[in-house]
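Asks: Line order of the protein sequences matches chains A and C. Using our numbering, read the first sequence as starting at 1 and increasing by one per residue. Using our numbering, read the second sequence as starting at 1 and increasing by one per residue.
Certain hints may be false.
Claimed, not checked - Which chain A residues stay away from chain C? Per the calculated CB distances, all over 12 angstroms, these:
no. : residue
1   : Ser100
2   : Pro116
3   : Leu166
4   : Glu214
5   : Arg257
6   : Asp266
7   : Gln293
8   : Gly297
9   : Ala344
10  : Glu349
11  : Ser386
12  : Glu436
13  : Val439
14  : Gly469
Claimed, not checked - Some, not all, of what chain A presents toward chain C, calculated at C-beta under 10 angstroms:
no. : residue
15  : Thr14
16  : Phe72
17  : Glu74
18  : Cys75
19  : Glu84
20  : Thr85
21  : Thr92
22  : Ala416
23  : His418
24  : Leu424
As the list claims (entries may be wrong) - Just a sample of chain A residues kept apart from chain C, beta carbon distances all over 12 angstroms, derived:
no. : residue
25  : Pro183
26  : Ser191
27  : Ser200
28  : Gly219
29  : Ser220
30  : Glu260
31  : Asp270
32  : Gly302
33  : Glu320
In short, the hints are calculated from the structure, not lab data. These figures come from a predicted structure and were not determined experimentally. Beta carbons: idealized from backbone N, C-alpha and C, even for Gly.
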Amino acid sequence: MREFADLYAELDSTTKTGAKVAAMERYFASATPADAIWAVYFLSGRKPKQAAPSRRLRQWVRELADLPEWLFDECYHSVGDLAETIALLLPTSEQLSEMSLTDWVEQRLLPLRAMPEEEQKAAVLTAWRELDARRRFVWNKLITGEFRVGVSQLLVVRALANVAKLDPGLVTHRLMGEWSPTPAFYQSLVSAETGDGAASQPYPFFLAHPLEGEPPELGSAEDWQVEWKWDGIRSQVIRRRGQSFVWSRGEELVTDRYPELKSLADALPDGTVLDGEILPWKDGQVLPFQELQRRIGRKTVGKKLLQEVPVVLMAYDLIEIDGVDQRDRPLSERRDKLEQVARAIDHPELILSPRVQADSWESLANLRQTSRERQVEGMMLKRRSSPYRVGRIRGDWWKWKIEPYAVDAVLINAQAGHGRRSGLFTDYTFGVWDGEILVPIAKAYSGLTDEEIREVDAFVRRNTLEKFGPVRTVTPMLVFELGFEGIQASSRHKSGVAVRFPRMLRWRKDKQPRDADTLERVKALMRVGGES
Amino acid sequence: MSDSLVELTDQGLYCPAGGFHIDPWKDVDRAVITHAHGDHARRGSRSYLAAEAGRGLLEARLGDVRLETRPYGEAVDINGVRVSFHPAGHVLGSAQVRIEYRGEVWVVSGDYKLADDPTCLPFEPVRCDTFITESTFALPIYRWERSGDIFHQINAWWRANRDAGRASIIFAYSLGKSQRILAGVDASIGPIITHAAVENLNRAYRATGVKLPETALVSETAKGKAFAGALVIAPPSAEGSAWQKRFEPASTAVASGWMQVRGARRRRSADRGFVLSDHADWPGLLEAVSLTGASRVLATHGSAGVLARWLREHGLDAGVIATRFGDEDDVAGGEAS
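So here's chain A without its partners, still in its complex pose:
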């Protein structure tokens, strides 16, 4: 546990990817396979469910530190992180434990969840007593189910690949899908032998990069396969060894949530893997993403919901056929095979992503202007000769998105952020004019530079009107251009509209609050966008 807590501290204290990879390499090189695989598990973003409710943890630390609730809350708002607040408030520990990470996880952490409250309390308090500040913080992150560290799976893979002297693409593939953090799995992860993976194992997705510059710079339009950019959930549908699997973004097995897609997978020939997008689809057209949200996270779906929001797979690509990996074949060939499969099974829930036909970039650009009416986010440009690569790589696949909706809105509330942004006012609520009142239209956290954040932070502190817990209302003075991808009517929002993916595009220092947009104009945008 000490080594893992030290690794966490090292990863946390640097922004240099080289240093992060080097720290992980040192850890993997010296850790036991059992510890190493738990480290891979946590570092790659997998985490156990919350082991003890936050409410209890707060209660216990307050008892130990003898603090009233208000003072705990003050501390929490100042720190912006529950696990850290607890670590900072606990009395100093005396007897440190040198148990391994594996023992901590398997003997101390995992059993917690099922324990009755009193037993759980005793176990957590014992753990706190045996850990120093650094280890307590990591432990708290684990028991609150909030473990996160600033490394991407990409970096974890790079470190593993370096230690095992393997191709990073192979390691990425081996880490896909479901696996158990066992020493045996670690051995197979870093093994030079290539064995058969699990039947369920998906491939790493090839992800498109946002287009930089203009399409003509990509050469002749004929070399490119153009598709619409659909707004759903990226998915892989797998049929192998007589079994069917549906993966959402390659991380979560969702076969049972989408019976339509299970039926489609069942119909595929054995040894087939399709790549596509799960879309809510009815009467030959796509439904708004909000409809799909009703199905996301629903473990079982009722008849009514299945009728209201049926889904399809909008298939893009064919990654495996007859049990053979097709990733090094050119896209044009994969597309032909995909079309053959689709014809052969003729399944209602399998729709081929249509190829947008046009003879020039100019006509494509014109067609792209119709994106909103079609309820798509723009176009995908894929080089016809491209292999199916691993991860987000420039050059072969581009997303050519339409400009977001833009609205000028006024900053009305601010709240301190978390993690790197704790103690800084970084989470904002914006309003637009409805007559003489500013009605909240969106919350946004991203889009400003660090310097701008500091400036807004200072503004918030000087212009606070009222404090409601961690939220401050401010004098409406600052105007920002907000961007978002969609607008929907909503009865749950005071403004009557809900926006999708709001973020700050620019700080309009040239504008006064009076110049901000009206709710009426926002609603007009919604009508242009087309309602279903």
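Starting from the known structure of chain A, fit chain C onto it as the hints suggest.
Replies: Showing chain C alone in chain A's frame:
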């Protein structure tokens, strides 16, 4: 009319009976100064009164002003009000101001700490009726490790950098924190180089008799000479500047009480954050308040509201006094912290 011995005016804390201000932020006739940090000692007043031990620093900071000083503990009579200075343990020459009039005693703490610091006299509790206390770090999350443990960490970091052929740059406030670091590190590890802003104040410290290890100015270090293995002490304003480039390859660190919190640490681009503060931590504030025996406490700067509420809940008459010391909201800056 006010029956308070000290009250808040537009110019700063004011003693109406004595007709003087304490650490005023605007020009006044008579300024009584707790210590030489910029938010407490400002130019522009007609005359200044401070503790003798701080003379050198005040002259370095304020230049040629009418400055009168008194040894710690020696009282001055100002219009029938007895004023004396008592060590605050914050930086060299830092003082609490004791004010006595018609049998009532107030103490204005200025900034203070209870942790040990070889560059100044330790905090001396002064019995009083009303205690105006700083409250920069008045949250229970702020509990400092022993200074010795912090210096152990700094030394280990410096040694590891030296062994890896890197310079170690530590950003610390030039008055007080820098000298505390100089006096606390193991100078046998390597050469110590200082920024000019730090060296100016080192001179005043040395002239007052504080023992500091040998230092060299960056500008005195030959061009092209490798800085590998050296400890470089610079003010926070130099962080991320072009000035810093010459030391590469280097590891950077910030020494400040704010480094206690991960978010603050991560916002600074430094590689390390050492939790070293010249202010009292939460237990320190509570201890200081208790040692004064004051029945009334006014908190100022930082989490003043928190400290006041805590003290009220523990039976004291406590409130907040909104001075302009420090920059309450400059949580990540921590210049003087």
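Asks: If a hint holds in the structure, say so; if it doesn't, say that too.
Replies: Here is what the structure says about each hint:
1. Ser100: Since the minimum Cβ distance to chain C is about 25 angstroms, A:Ser100 lies beyond 12 angstroms and the statement holds.
2. Pro116: holds (30 angstroms)
3. Leu166: holds (29 angstroms)
4. Glu214: Answer for A:Glu214: holds, closest chain C Cβ roughly 35 angstroms.
5. Arg257: At about 36 angstroms from chain C, A:Arg257 clears the 12 angstroms cut-off, so the statement holds.
6. Asp266: holds (49 angstroms)
7. Gln293: holds (31 angstroms)
8. Gly297: It holds; A:Gly297 is separated from chain C by about 30 angstroms at its closest Cβ, greater than 12 angstroms.
9. Ala344: holds (54 angstroms)
10. Glu349: holds (46 angstroms)
11. Ser386: holds (38 angstroms)
12. Glu436: For A:Glu436, whose nearest Cβ neighbour in chain C is about 31 angstroms away, the distance exceeds 12 angstroms, so it holds.
13. Val439: holds (29 angstroms)
14. Gly469: Fine: 14 angstroms to the nearest Cβ keeps A:Gly469 off the interface.
15. Thr14: Holds: closest Cβ of chain C sits about 6 angstroms from A:Thr14, inside 10 angstroms.
16. Phe72: holds (9 angstroms)
17. Glu74: holds (5 angstroms)
18. Cys75: Because about 5 angstroms separates A:Cys75 from the closest Cβ in chain C, which is inside the 10 angstroms limit, the hint holds.
19. Glu84: holds (6 angstroms)
20. Thr85: With Cβ-Cβ at 7 angstroms, under 10 angstroms, it holds.
21. Thr92: Cβ of A:Thr92 sits 8 angstroms from chain C, so the hint holds.
22. Ala416: A:Ala416 check passes; min Cβ-Cβ to chain C is 9 angstroms, inside 10 angstroms.
23. His418: Holds, because the Cβ-Cβ distance from A:His418 to chain C comes to roughly 8 angstroms (cut-off 10 angstroms).
24. Leu424: This hint holds: A:Leu424 lies near chain C, its Cβ roughly 7 angstroms from the closest one there, short of 10 angstroms.
25. Pro183: holds (32 angstroms)
26. Ser191: For A:Ser191, whose nearest Cβ neighbour in chain C is about 34 angstroms away, the distance exceeds 12 angstroms, so it holds.
27. Ser200: Fine: 38 angstroms to the nearest Cβ keeps A:Ser200 off the interface.
28. Gly219: holds (41 angstroms)
29. Ser220: holds (45 angstroms)
30. Glu260: holds (45 angstroms)
31. Asp270: At about 50 angstroms from chain C, A:Asp270 clears the 12 angstroms cut-off, so the statement holds.
32. Gly302: Non-interface label stands for A:Gly302: nearest chain C Cβ at 43 angstroms, farther than 12 angstroms.
33. Glu320: holds (42 angstroms)
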